[in-house]
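Number of protein chains: 2
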Amino acid sequence: MLIATPQSMHFEEALPLQSGASLRAYDLSYETYGSLNADRSNAVLICHALNASHHVAGVYEGQPKSEGWWDTMIGPGKPVDTDHFFVIGVNNLGSCFGSTGPMQTNPDTGKIYGADFPVVTVQDWVDAQARLMDALGVQTLAAVMGGSLGGMQALSWTLQHPNRVRHAVVVASAPNLTAENIAFNEVARRAIVTDPDFCEGHYAEHGVLPKRGLRIARMIGHITYLSDDVMNEKFGRKQAPTLVASRTTLPPEGALRLQPGKAGSAAPAGRGNANALQATPFKYSTQEIEFQIESYLRYQGDKFSEYFDANTYLLITRALDYFDPAAACGGDLSAALKHATAQFLLVSFTTDWRFAPARSREIVKALLDNQIDVSYAEIDAPHGHDAFLLEDPRYMGVVRSYFQSRVAP
Amino acid sequence: MLIATPQSMHFEEALPLQSGASLRAYDLSYETYGSLNADRSNAVLICHALNASHHVAGVYEGQPKSEGWWDTMIGPGKPVDTDHFFVIGVNNLGSCFGSTGPMQTNPDTGKIYGADFPVVTVQDWVDAQARLMDALGVQTLAAVMGGSLGGMQALSWTLQHPNRVRHAVVVASAPNLTAENIAFNEVARRAIVTDPDFCEGHYAEHGVLPKRGLRIARMIGHITYLSDDVMNEKFGRKQAPTLVASRTTLPPEGALRLQPGKAGSAAPAGRGNANALQATPFKYSTQEIEFQIESYLRYQGDKFSEYFDANTYLLITRALDYFDPAAACGGDLSAALKHATAQFLLVSFTTDWRFAPARSREIVKALLDNQIDVSYAEIDAPHGHDAFLLEDPRYMGVVRSYFQSRVAP
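If you're matching them up, the sequences are chains A and B in order. Last residue of the first sequence: 422 in our numbering, with the numbers rising by one and none dropped. Last residue of the second sequence: 422 in our numbering, with the numbers rising by one and none dropped.
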């Protein structure tokens, strides 16, 4: 079993941000797995999505259930094989898992940043990650890889630092958000900021937490992570006898774990009342739980609101909204990708309606327009956007082959 | 121009509800258009969806902009032609537009019902509507018609009162909600009930209104009413200069009106900054509006929270969740529809992802299994679920033909 050790790096030099602001000094939490080879050519950077962290693979000493969020993908003998690659996970600025973010103290004021933490973008994260690579002695990455928002960072690396990336692996991602994507983010943000405990983002000073808003935000998110099909298969119209019963019967199944740092983990609901068609009588209540899907969503919302920071949620959804490399070229993605020199693997999932395969194909097309080397796999998987975190053998096989035959130094 | 006159009918006899509770006495608001013919064979009942009312067609005297929510469909010379049919619109129990509901006084306590209003179901509404038909002297309906939740009521009429319905017109509907449908309802409900101003549903007694929750609920609803395509076409990634500017530039366009009683009306956003790719600088803010889609959703949420009742929102979404005529037959919809004797027209819209065409086809299949006469039109329209309220010529043509050639007495 891979044992992970969280580390932290302090950066004294101010980081200029895309907004025009700058971050005076900051820390980045990170983990590394495997060893950097002699010619420093085997480093792979993993970028995380909305609510994950630097804890990508392995477990912490003495905590056997603390698997990293992409532990199915990364480790000894896994598709991204840490026996061959030196893998780096990093927590992004503005997040709430150790790197400098809104929960930490603003050195300019001595108070917790809260809503005063500057808005950061995908480009800012990539710049901060590049400094970490400098500090780790990694001039050129064998690969940069991420799913969803992480895939946007991988793509942005190839544009911001084209000579420092040999391969970009962009999974379940998109060249920008659609209006519907932004709409879901906006509703989640409004749920948070209209929670009276939000206190204009300075809830920490007031000793409260906008948990109501965070719960709603997470519930909305969850709906968009799952496909209609998998929701129907897993929950359908099955009734949930009581909240207590369905929470206590949550089985600790395979890839579907519930833990901090998991983007969109999909835990199965209780099975106590699997056959809803032998109808339990309804309670005829607007507030009690009648269906298992309700129990599942409330459970996810409650868990999330216990460990995630509301300001971080706002910042990261905004970074998603802003990402749009084509904007600088009048919306022409092909023109925007002209100077990328990396080789690419893109992966999408048929039932992902958050970042549908068509969005990945836009990137593939723009790369082909520039004669850039790109492999593309569209995986027929039922799990929606969540599929990028799950252990689908075809998906794993594609990534394994790519790393073995293309990325391997 | 058709002039509408709201009416009200009082019912003294208690209405037994599906939950086991009963409603002691109640009023139903309704409107009628056209005239009942001598043999009382030309009555058409229109059932409303989530946030509409009995004001289906025409305008109120002296209020030229007060068009009913299905005024494109119903009126003199329109697809449901009030020169030939006697059309009845009725506000459902539990709603907030005049019929007995949570905003009214509970005769048992002398207090406003609030959260004490009993949970009502599609079946209960149909029973109440049947009593109104009795009172209006209508034994047999030429047709019962509705879209979305209204279509569920039309379907339920054919099962609860098979001998009182000659035709059922079921538009953009479904035989029950999917897990994803329930999930969206649940998030909307949680947003309402976790608003501190909800006061456990007795906000009226406390002199407050849970507007924050209602806003979020409506924003979520809106996303599901529109297709991804129409959102991208209408809003895409267009930037909104300021909230004020985009609100004042809302044009009063055609079928896309903003008014109480419209289910999912889709008003276009400001056009002041139509070409977002000539990028306005971003504000780099998590709370200010950056994109037009945000402005649009906030506007819709604000408007809705001014006129709609939170307890009604809870009740009506719950009625949607509960509706499932197949449940009584172990999930076998064909068995459930066995005793229907009406003839059917079903209409669905290709881009409706809330109640997708596949859901209408389930009903069509179950009707065919029973050799029941059914016509089905799948309309290629870009507007998502909202399409059922819009004036698509193919859609209007199908309904017109059906009423002229099949329903006409």
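Keep in mind that a hint or two might mislead.
Which copy is meant is left open, so a pair is good if it fits within one copy or across any two.
Below, simulated BS3-like cross-link-like pairs (lysine-lysine); rule was C-alpha separation at most 27 Å, straight line [unchecked claim]:
| id | residue 1 | residue 2 |
| --- | --- | --- |
| 1 | K124 | K296 |
| 2 | K247 | K316 |
| 3 | K224 | K351 |
| 4 | K316 | K224 |
| 5 | K247 | K378 |
Treat the hints as calculated values from the structure; they're not laboratory data.
Evaluation of the provided hints:
1. K124 x K296: Between. Shortest inter-copy distance 24 Å satisfies the 27 Å Cα cut-off; intra-copy 48 Å does not.
2. K247 x K316: within (20 Å within a copy, 36 Å between copies)
3. K224 x K351: neither (44 Å within a copy, 49 Å between copies)
4. K316 x K224: Classified as both; 10 Å inside a copy, 26 Å across copies.
5. K247 x K378: between (35 Å within a copy, 25 Å between copies)
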